[in-house]
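Residue numbers (UniProt numbering), protein chains in the order written: chain A, 1 to 240; chain B, 1 to 240; chain C, 1 to 240; chain D, 1 to 240; chain E, 1 to 240; chain F, 1 to 240.
Since the hints were derived computationally from the structure, they do not count as laboratory data.
Where is the CB? At the ideal position from N, CA and C, for every residue including glycine.
One thing to keep in mind: the hints can contain errors.
Restricting the straight-line Cα-Cα distance to at most 25 angstroms, the calculated cross-link-like pairs of lysine-lysine (BS3-like) are [stated by the list, open to error]:
| id | chain 1 | residue 1 | chain 2 | residue 2 |
| --- | --- | --- | --- | --- |
| 1 | F | Lys23 | F | Lys147 |
| 2 | D | Lys217 | F | Lys213 |
| 3 | F | Lys195 | F | Lys239 |
| 4 | C | Lys53 | A | Lys53 |
| 5 | E | Lys207 | A | Lys106 |
| 6 | B | Lys83 | D | Lys52 |
Cβ pair distances, simulated, as ranges [to be verified]:
| id | chain 1 | residue 1 | chain 2 | residue 2 | range |
| --- | --- | --- | --- | --- | --- |
| 7 | C | His4 | B | Asn220 | 46 to 54 angstroms |
| 8 | B | Asp216 | C | Ser80 | 42 to 50 angstroms |
| 9 | F | Lys153 | E | His227 | 51 to 59 angstroms |
| 10 | C | Gly86 | E | Lys147 | 25 to 33 angstroms |
| 11 | D | Ile179 | F | Gly86 | 24 to 32 angstroms |
| 12 | E | Pro14 | A | Asp216 | 30 to 38 angstroms |
| 13 | F | Glu235 | E | His227 | 25 to 33 angstroms |
| 14 | E | Lys147 | A | Ala72 | 38 to 46 angstroms |
| 15 | D | Ser208 | F | Phe51 | 32 to 40 angstroms |
| 16 | B | Ser182 | A | Glu45 | 54 to 62 angstroms |
| 17 | E | Ile157 | A | Glu223 | 57 to 65 angstroms |
| 18 | A | Glu45 | D | Asn20 | 38 to 46 angstroms |
Chain residues, written in single-letter form:
6 protein chains.
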Amino acid sequence: MLRHDGRSNTQLRPVRILRNYIKHAEGSVLIEVGDTKVICTASVEERIPPFKKDSGEGWITAEYSMLPRATAVRNQRDISKLKLNGRSSEIQRLIGRSLRTIVDLKLLGERTITVDCDVIQADGGTRTASITGGYVALADACRTLVKNGLISKTPIIGIVAATSVGIVNGEELLDLCYIEDSNAEVDMNVIMTDKGEFIELQATGEKSSFSKKQLDKLLNLAESGIHELIKAQNEVIWKD
Amino acid sequence: MLRHDGRSNTQLRPVRILRNYIKHAEGSVLIEVGDTKVICTASVEERIPPFKKDSGEGWITAEYSMLPRATAVRNQRDISKLKLNGRSSEIQRLIGRSLRTIVDLKLLGERTITVDCDVIQADGGTRTASITGGYVALADACRTLVKNGLISKTPIIGIVAATSVGIVNGEELLDLCYIEDSNAEVDMNVIMTDKGEFIELQATGEKSSFSKKQLDKLLNLAESGIHELIKAQNEVIWKD
Amino acid sequence: MLRHDGRSNTQLRPVRILRNYIKHAEGSVLIEVGDTKVICTASVEERIPPFKKDSGEGWITAEYSMLPRATAVRNQRDISKLKLNGRSSEIQRLIGRSLRTIVDLKLLGERTITVDCDVIQADGGTRTASITGGYVALADACRTLVKNGLISKTPIIGIVAATSVGIVNGEELLDLCYIEDSNAEVDMNVIMTDKGEFIELQATGEKSSFSKKQLDKLLNLAESGIHELIKAQNEVIWKD
Amino acid sequence: MLRHDGRSNTQLRPVRILRNYIKHAEGSVLIEVGDTKVICTASVEERIPPFKKDSGEGWITAEYSMLPRATAVRNQRDISKLKLNGRSSEIQRLIGRSLRTIVDLKLLGERTITVDCDVIQADGGTRTASITGGYVALADACRTLVKNGLISKTPIIGIVAATSVGIVNGEELLDLCYIEDSNAEVDMNVIMTDKGEFIELQATGEKSSFSKKQLDKLLNLAESGIHELIKAQNEVIWKD
Amino acid sequence: MLRHDGRSNTQLRPVRILRNYIKHAEGSVLIEVGDTKVICTASVEERIPPFKKDSGEGWITAEYSMLPRATAVRNQRDISKLKLNGRSSEIQRLIGRSLRTIVDLKLLGERTITVDCDVIQADGGTRTASITGGYVALADACRTLVKNGLISKTPIIGIVAATSVGIVNGEELLDLCYIEDSNAEVDMNVIMTDKGEFIELQATGEKSSFSKKQLDKLLNLAESGIHELIKAQNEVIWKD
Amino acid sequence: MLRHDGRSNTQLRPVRILRNYIKHAEGSVLIEVGDTKVICTASVEERIPPFKKDSGEGWITAEYSMLPRATAVRNQRDISKLKLNGRSSEIQRLIGRSLRTIVDLKLLGERTITVDCDVIQADGGTRTASITGGYVALADACRTLVKNGLISKTPIIGIVAATSVGIVNGEELLDLCYIEDSNAEVDMNVIMTDKGEFIELQATGEKSSFSKKQLDKLLNLAESGIHELIKAQNEVIWKD
């Protein structure tokens, strides 16, 4: 039985990564995973946060936001409510942690790269698309630093990509779109490296608890998806 | 003598209006005016602001924002500073006023259309591009309302478009890009209808005052540009 | 046909400018234009904003606010809503730009003058009264700087005043009071120098669009009004 | 030995209460106590706060603020810092409590009167001037309610006035101006009724503790001052 | 080799759950896990959030905060920065999700229970202690509802507890204290039911990525710890 | 006639001061006055506020807050409303002033001690309990400074304690619990030193005005209570 968009349970949605999408940024991509579309820009600034002072190291941080009409119903902007959305806050911390693990902060030197992930159209999996796309923008920003002679070699020391998996109507599915996500019994975001190791995983029993066995099946499914995503990243990243 | 991008003084930058850009919105466009790119979505909500209560009329409002890296240097998000940028506040009031003038609020009925203008790449003229693009998104949202049987005929009663003109090094120029805008002695935003009448004009002597004669020249220049922009709007808007 | 307060269409309301109104400020006036009353203070601070660092120049900025009961209906204070009123934000940017054009920032030296315009009673034209009165407060603050030996000559290099004009029931009127303003088809704020040149103009078709011909009539009307306002400024400013 | 403005220790500064100062408000005064000047407006609104719902009673509340340049050094506006000044918060609670004690909230009916006290020039004693002046504005607002037939008799059931007293260089002084206040060892604000009873008193040992004996002297001093202030209130309040 | 507080790698810290700790709350506990101390109160309110309107269901939500000096270095309060701490935001969303899974919202009826988790002393594992303790407070609040006749049977349909596990210097450890947590290569929070199923798990490679094998070991360790924690909950919860 | 908890009119509630309550703080106590429970921590930081720059002096400041369910009805957190509670603001200013009077800021040196008073259970008199308990935490923090060799002798130069008194049903009562406080005609907070002198007193006629005679009775009552509180402080403070 196929999924409502015709995919098999173990199939990713079409992935498209457009590099150099915003001309001002040191690195930038438009990533599309099915109907989910995120603009990721990586901005280099020659300053470090206070807690990194005198460390000789740089910092990677991320911000995540949605345009008001990225979703079926318009959302008020954070500034109208004077509150950073709790969900955004959680997601941008996840993106920042994930991207930091594949950067040698010593090699980066005393500068900050901010990866802004702005969802312009949402259809599930915006946080994992942000990580997958944000990685490419970040790698490009590092390349710009090398090209401009600011550092001698890239501080990128690995590849990271992410996808969601979940259990919907008792079946394990890869790469949930919005309608699947909202009906999932269990929902998991998996962030992995090109070595097949985990960087972060977050599994939530939205409607029910889940067993070790189910967890294992989901992890396998995620691994296969991330393998493909890393292939997609590699294809675009070595293009110039 | 040509301008630094090869245009003549009386020439607009290439304009591209992509309709139906965001699948969730009742109306949406990506407008590109040279390197300036703005996503405009028009969202219909079945409620009206308190000051319109019992008026039998609807309301049109606008919000304007830039992605952090739409500009050469990254800007902090409003929510990080807990303050709506003063410039954004001024611009979104302008967009809202301009679009309201070409809508019959009685015909719209007791609903609100919010036009969100999110600049994803900025190179001068973002507020005028927002009005020109926002008009198309708004017209499409009204068409959606008619198509869905919510209103019997469109409340759109005119066409509105906008451009900037200015005096740079003593010469009157049409459609300033960022580098021209930052060197302008005088800078003017003009919003006009398809009947050749003004809806709003804002002229500022950034570096010097200006005479009535200079004002007249600028107004003529703006009129010719807006004429072309309305042609561009008409071309895409009647496509389906 | 006379206006509801008995004025002719081309007549200003009575203008009264009281200097040295607040004893603490380097410059201060109470300006009354009809029933509109604004306290303008100009405060000198020996610091400059970050973007002026190492420029050798000073800065002029403005803030605009209304007391809660300056209007017919009490308005909540900005701090109660934690948001700077969008209208105030737009107006204070306008006042700041207008006053900066008649100051030589190099001569001012590395200091900031903040012109606070606090409306204690509103009856239309508060932003233009703020500019007209703010100019006198600013000039007085510069004089205080000279008197105290901080600068050798005043950095004021021109005179600026402002008024509103509009079309009400098809007639062009000078200096709209609140009731006229709320019924205006077209509303324009004009800021001019003593040389008869424009510093800024903002014209808005509140209820309808307007033609070039109407614009020209309004500009003439504004010019005559501003001429008178500059006479009023000059009368008080040379008094000591 | 006289005080630096020539007053004796037991002498108030000149008091001036100007009624009907702001044309829009139901009650309004400009009160001047020496160089301290406060605009007090009393605004009636036909609504009550949630905690008074179904009580059949009205409510009296107060807000207190200073214009930025009411003081020797310019203060940032609360909205710039997004925080209500702690001192303002404390003072407006005091004003509200004091004024509520002389109003029969049942007689007022289900409406709210907000007394806004905006200090336009500060020279010590701004909170007590706000109470003394606020009382007159409040009484006038109640009279307006009676005049307009909204209530049959005024809900004002007493008179309240306030002054500060303190110990400066070991001497008990009435009605401290700013320079005295900043050098005071002990500082006390006293709010009393026309019956000679206390409504509130706040005594603070700013630089040292104080004895019961000193407290008693200060209370006597305050009583004599408040007696005079109530005379000043009575003089203006029965004028029409 | 023992851990620095003498525990073996598979040993929990001493757990103490004090019920009825705050007299006003419908349910409340002080939970101590080693030196980590959290006050959990469960407050019943007879209202539901807007998104639950007309659902016939209730809602469970959580808030998490630390006293300023719960940590080695004093933290500024959120209100001083006007921003909810990003970490708190993430944690309170986790607590809310976890507790909701063991409540039948239909049985709860149209009311909200807010579980406030206020850390008074922090030494690692504050979020998992909040869940373990919050469960007891929540169960007690439900019992209060039954006792007061508001619902006929408790809506609690399972038991939930949580602990952290991690890899420190290459060894898998149960229940990390702060010093272990800050040195962990991998850090995982596990939330489980009394049936041995997962409700949520969050694993983070803080300093390195981790393998499926390491994940499995950590999950086993967590399961044994949670088993004990549920025993501790059961011991106190059936005491009256 | 006894009070509802069996006390005589002149009797304090049981007082319990637990020192070293929070392990991280330089000084910390849990103070219980009847059912009112406050955690007071004193945190030393090696920095001073801007207005103390180059003074050679230190600073003492206080913050006051309630846990959401410290009261009979749950209160929203300040951060949810983005506003510091007006009452908290007033109280923390009082605590700070009171504690500063018994510290020699020169002896303290250029450092700040912040006394955080967090009410975990409220039953009247939370501000006075905060001062009485805060004093002990502050004294302990100073002792820590001496023990660590940062200063040679304690900057504490006196003892301060506080209680509330009031008139309830015409009778003067010492140490009001919540139910008495909410029914009080007059309510007074008194802060005194071990020398029997006042540091601050705040008397409020909540329901009626009060006479000099009543004030005197209340002051006597307060003095006797504070005498006992200082005894309780002395008992615990000399214990190690």
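Looking back at the hints listed earlier, which ones does the structure fail to meet? Numbers 6, 7, 10, 13, 15, 16, 17 and 18 - these are the hints that the structure violates, sorted from lowest upward.
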